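Spelled out, the chains give:
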Amino acid sequence: MDQELILELPNDIRSIEHAVEYVTRHCSSCSEYARRLNLNFRVGLTEALSNAMLYGNNSDPEKSVRVEVTITNDEVSVRVTDQGVGFDPELVPDPTLPDNISKSGGRGIFLMKALMDEVEFNERGNSVTLVLRFEGEATA
Amino acid sequence: MAFQVSKSGDVTVIDVKGQLIVGNRQELKQKVLDELEKGERMFVVNFSETGYIDSSGLGVLVSLSKKIREKDGELRLASLNEDLRTLFELTKLDTLFTIADSREEALEGL
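Chains as they are written, first to last, in this note's numbering: chain A, 1 to 140; chain B, 141 to 250.
If we strip away everything but chain A, and leave its shape as in the complex, we get (with noise of 0.2 Å):
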């Protein structure tokens, strides 16, 4: 049976470990896959909401960060959205080139494609939606 969860989270990064758990917690129908869960789900969740809050809402307490989670059987889809003007991720330069490889920042989007089946933003840029499926070898 679909699983639905609906999180609204305060603009404060400190809150993503908790969020990140919760939500893992409840993805009760992907334990086989612990290490998918372990490395893949929980590092690309945490990118998507420490972007969304620190670059979306431009770290603003005032501002809030929605998340949508569905949970089938087949996988779990997650939607982050911020309430900031959004930006374009194709922007984001490929931090595994040599010249940004010693930078300090500019990884998150890079682990979030990397580590999710699916990453899709929307037209305006302030809404992620990722996708972890549960399919080859169960790891647990």
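Some clues are possibly wrong.
[Claimed, not checked] With the Cβ distance kept under 8 Å, some of the chain B side facing chain A (calculated, not the full set):
1. V202
2. S203
3. L236
4. I239
[As the list claims (entries may be wrong)] Reference listing, derived: stretches of chain B covered by chain A, where coverage requires no fewer than 3 residues with Cβ under 8 Å from a Cβ of chain A:
5. 155 to 163
6. 170 to 183
7. 221 to 235
[What the hints assert, rightly or not] Listed below are the simulated SDA-like cross-link pairs for lysine to any residue, each with C-alpha atoms no more than 20 Å apart in a straight line:
8. K232/B to T96/A
9. K103/A to I239/B
10. K206/B to D99/A
11. K206/B to K232/B
Source of the hints: derived by calculation from the structure; they are not laboratory data.
Note that this is a predicted model, so its numbers are computed, not measured.
A virtual CB, placed ideally from N, CA and C, is assigned to each residue, including glycine.
Put chain B on the given structure of chain A with help from the hints.
Using the frame of chain A, we list chain B on its own:
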């Protein structure tokens, strides 16, 4: 989550217990910078009790590595599990850091 600072000879060892992410990265940065300010130059960050690291955590390690090198010091990383190694490999940061299999191996030669 916590960062435990200890000494092994002239080396400052920081054990990362829990996650190293956007919400606590400044705490790690400040602890290392405080030690650097006191004159410490050799550092090992030990990840044997770490669950995951996000891009902010990776970024703070890059930033600290630069600051330590500017003072002629060295930062080594130790005990990355398979998941954490994957993150360093994906981002190619495994080419930027000396990564040891264990705390003891990281301390050798420092």
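Of the numbered hints stated previously, which ones are contradicted by the structure, given in increasing order? Violated hints: 4 and 6; rest satisfied.
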